[in-house]
Each structure stands twice: as structure tokens, then as C-alpha cells.
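**Q** Sequence:
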Amino acid sequence: MAADLIAEESQRLGSEIQDLKSDVVIVDTPGQMELFAFRASGPYIANELTKEPKAIIYLFDAVFSFNPLNYVSNMFLSAAVYNRFFVPQL
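Quick note: the sequence shown, position 78, residue 78 per the working numbering, numbers continuous.
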């Protein structure tokens, strides 16, 4: 899995992020969100990339979420991701 491969390189990637000396860095996770969020490697990667404060940007598919039931499903999935990482979520 791509997330597992990134986990193996997370310390090196974290060093590269630190070298950027940027105020904000956005890291796009591999593939479908579920593969990153619900595997053991997901929280490990998030913690190893930086010890600085972090947040998760959770994006909704607007067309999919137009249906109220799909919107509620997205909200539940967002809550599950929050409970997995325990970091602020936008």
C-alpha cells in the first residue's frame, strides 16, 4: 500500500519538510482517504512528518453531498477521521 511505503520514508520526508522552513505545508495523502485514515500507518505518518502543530483538511465532494443522506454520511466519515487522529479538522 502507498501509505505503508510513505510510513517507511516518513522521517526522511519530515526532514525535507523542516528544510522548507515554511509557515504552512499541505501534504496530500495517497489514494482514497480510507486507505490512509484507517490503516495503522496513517496516524504514524502524521506524527512522524512533523512535531509542529498540525490539522487535517477534510474535503467534501459537493455534488455527492448535495443529497442530505450523503451529506450526513460525509459528516460521519469526517467524525471518524477526527477520532482517528485527534487533531483539529477544517
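These are calculated hints, taken from the structure and not from any lab test.
Quick reminder that beta carbons are idealized off the backbone N, C-alpha and C, glycines included.
Worth double-checking, as some hints may not be accurate.
Label-pair ranges, simulated between beta-carbon atoms [what the hints assert, rightly or not]: (1) Gln32 - Tyr71: 28 to 36 angstroms; (2) Asn83 - Lys51: 17 to 25 angstroms; (3) Phe66 - Gln11: 36 to 44 angstroms; (4) Asp23 - Gln89: 34 to 42 angstroms; (5) Asp23 - Tyr71: 17 to 25 angstroms; (6) Asn47 - Leu90: 28 to 36 angstroms; (7) Val87 - Gln18: 26 to 34 angstroms; (8) Glu9 - Arg84: 18 to 26 angstroms.
**Q** For each hint, tell me whether it holds in the structure or not.
**A** Hints versus structure:
1. Under the hint 28 to 36 angstroms, the C-beta atoms of Gln32 and Tyr71, about 19 angstroms apart, miss the expected range.
2. Remark: the range hint 17 to 25 angstroms for Asn83 to Lys51 is upheld by a beta-carbon distance near 21 angstroms.
3. Roughly 42 angstroms separates the CB atoms of Phe66 and Gln11, a value that falls within the hinted 36 to 44 angstroms.
4. For the pair Asp23 and Gln89, the beta carbons lie near 20 angstroms from each other, so the given range of 34 to 42 angstroms is not met.
5. The hinted range of 17 to 25 angstroms is not satisfied by Asp23 and Tyr71, whose Cβ atoms lie roughly 33 angstroms apart.
6. The supplied range of 28 to 36 angstroms is broken by Asn47 and Leu90, whose beta-carbon atoms lie about 19 angstroms from each other.
7. Taking the beta carbon of each, Val87 and Gln18 are about 18 angstroms apart, not inside 26 to 34 angstroms as hinted.
8. The hinted range of 18 to 26 angstroms is satisfied by Glu9 and Arg84, whose Cβ atoms lie roughly 21 angstroms apart.
Hint violations for this structure: numbers 1, 4, 5, 6 and 7, all remaining hints satisfied.
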